[in-house]
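Chemist: Residue numbers (this note's numbering), protein chains in the order written: chain A, 1 to 329; chain B, 1001 to 1243.
Honestly, the hints are just simulated from the structure, not real lab data.
Treat the hints loosely; a few may be bogus.
To be clear about the criterion: a stretch of chain A counts as covered by chain B if any three or more of its residues have a C-beta under 8 Å from a C-beta of chain B, and this derived list gives those stretches [as the list claims (entries may be wrong)]:
hint, stretch
1, 38 to 50
2, 68 to 77
3, 98 to 107
4, 111 to 118
Below 20 Å or equal to it, Euclidean Cα-Cα: the simulated DMTMM-like pairs (lysine to aspartate or glutamate) are [unchecked claim]:
hint, chain 1, residue 1, chain 2, residue 2
5, A, 135, A, 88
6, B, 1241, A, 81
7, B, 1241, A, 88
8, B, 1241, A, 6
9, B, 1241, A, 54
All C-beta atoms in this analysis are idealised placements derived from N, C-alpha and C, irrespective of residue type, glycine included.
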Amino acid sequence: MILVREISKSYARIRAVRGISFAVEPGEIVGLLGPNGAGKSTTMRIITGFLRPDQGSVEIDGFDTHADSLAARQRIGYLPESAPLYPEMSVRGYLDHRARLFSLDRTQRIKAINTALDRCNITDVARRRIGQLSKGYRQRVGLAAAMLHDPKVLILDEPSNGLDPSQIRQTRSLVRELAESRTMIVSSHILPEVERLATRLVVIAGGQVRADDQLDTLLTTRGTRQILAEIKPPTTTTTTTTQSASKLLAAIRGITAIVHADTPDGWLALTLSVDPSAPDPRPEIARRLTASGFTLRELREVRPTLERVFADLIESPATPTPTPSPTTA
Amino acid sequence: MTATLIPTLTIARRELASMFRLPVGWVVIALFLVLTASVVALSIQPGAPASLRGFFTLSAWLLMPVAPAVSMRLLAEERRTGTDEMLLTSPVSVLGVVVGKFLGAWFFLLCMLVPTLVYPVLLVAISDPRPDLGPMVSGYILLLLQGTLYLAIGTAVSSMTSNQTLAYLATLFPILALLLAGSLASESLPEVLRPIHDALQISRRAGDFARGIIDTGHVVFFLAASAWCLALAHAGLEWRKWR
C-alpha cells in the first residue's frame, strides 16, 4: 500500500505541496486530479522518492521512501509524464537495461521483457530505436518499463498521453488488469479517462487535498443534483407554459433553481437543481405536472459529470478538507 | 556480484554503449589515434633509441578537450531529457548512479588508450637500441590517472547543470587551471596558498612520471582528488532531491 503522511514541499518561496495525506490500499486505483501547478507532479515525485519532502513521509508497502529508499523503490513501477526514454537505444535494449537496474537475472529478464512487450503490444517494434518511434509507441515502451519488474505499486503520470483512441482503450484495459494485484496511482488531465480507470479520486489544488473519496460518493455528494423534465402544456402559449410550470415546481421541497429551454421538436425542457439532502422529488413533480394537464415525456435524474465536480472543487475556496486518516501499515 | 554492484555496472554499460551508438564517440577515438600515431611515427629516428615522450605529451594535452567532451553529457543530458527521473527512482543509490556514470566514461577512456598499446609493442620490435620500458609504463599510468581526474571533474560539473555546453566549459577551465598552475611562480602567491599551489601542480607530477618515477604520493593525489570530485557529484545529485 501507499501511505502519504502530511507531506509538504516548497520551491524557493512557492509552497507546491502543503500537508498532503492519503492512503492507497492494495488493488485500489486512485486517480490524482488537479489543475496545472496544483502539486500533482511534485506529490508523485515525492511518492517515488525522486524528491524529498520538506516535511512528512511516504511509505511504500511498509518501507519509508527516505529511510528504506532502495527497498521502497524496488517496489515501485513509475511512468513519468511524457515517458522520458533513451532515444538511441532499441526498445528491447532499453527494457533489458531497466530489468538489469532492478537486478533481474537473465532468465527473469527474458521472461519479463517478453511479457511486457506482449502486454503493451509493442513486440513489433522491439528491435527499433526508441527515437524512431511515434509518441504513442514511446508511451507504451514507458509503460512496459514501469511494469517490467512486476512492482507492487504503480505510479502512472498521464499514461494515455499521446495515444490514439484504440491505444487508449488497450492501455485502460491493461492498467485495470495490472491494478488487480497492485496499488496504483494514476494522474491524468483527461477526466473521462480517470473516471473510467479510478475507483477513488484525490483532487489536489493549491498544493492541498480538496477531496478524497470514492468516485461515486464524490459525484453524488459534491456534484449538483439535477433533474431533467420534458413537458408539453395542455393548450397555451410558451410564456404561459414556462411561467406556470416554474411556479408549479418551485414550490416542491428541495428544488433550488429551474432553467428552461425549448427542444427542437417543440417540447419544453426543464432542468431542476435539487438540494442533495432533499428526498427524491420526482414523484411529486410527476404528480403536479400531470394534475395540471401537462404531458410528461421524460423525467430523469441527471448524473453530475466529473468535469463539473472537478471545476466546483478547484474553484471553491481552499478549506482544510478532512482527509481520511491513514492507518498505520 | 552484490545487488548494489549490478545496477552500477548496468549504468556504466549503458553509458559506454551510448558513446559508441553516436558518431562522436568513434570520431573522437579515430582523431586521437590518427594524431598520436603521426607523432609516434615522426619521433622514430634512425640510430636513436625510440621513446614515447612525444605521444605522452600530446595525449596529456588531448585529454584536456576530450575528457570534458566525454563527461559533459553524463548527468547533464539525463537532467535535460528527464531520464534522470527514471534513473533516480530505480533501486540504485545516488552513489551507484555517480560511480556508474563515471565508470562508463572511464571505460571509454580505456577504449581510447588500449589501441595505442600498439605503439610500445612496435617500438620494442623495430627499435635498436631497445627503448626504456620504465617511462612507457609510468607514462600510461599518468595518462590513466590524469584521465580519471579530468573525468571526475567533468562528472561533478555535469551533476550541477542540464546545459552540456556549460558543463564542457566549466570542466575545461579547472583542468586548464591545474595544468597551468605550474607556470605560476609559487613566490608570487601569499604564504597560505603556496602549499595548495604546490600540491595542485599537475605538470610537476607529470614530470616525475615522464622520468619513469611512479611516486605513490602522486598516485594518491590523483585518486584522492578524483574521489573528492565524485563526492561533489554525489552531493550535487542529492542536493537536487532537496531543492
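Chemist: Are the hints correct? Go through all of them and say.
Modeler: Hint check:
1. 38 to 50: holds (count 4)
2. 68 to 77: Check passed, 6 qualifying residues.
3. 98 to 107: holds (count 5)
4. 111 to 118: violated (count 0)
5. A:135 with A:88: Holds: residue 135 of chain A and residue 88 of chain A sit about 15 Å apart, inside 20 Å.
6. B:1241 with A:81: Holds, at about 18 Å.
7. B:1241 with A:88: violated, 27 Å
8. B:1241 with A:6: holds, 18 Å
9. B:1241 with A:54: Between residue 1241 of chain B and residue 54 of chain A the Cα gap is close to 10 Å, so the pair holds against 20 Å.
Hints 4, 7 from the list above are not met by this structure, while the remaining hints are.
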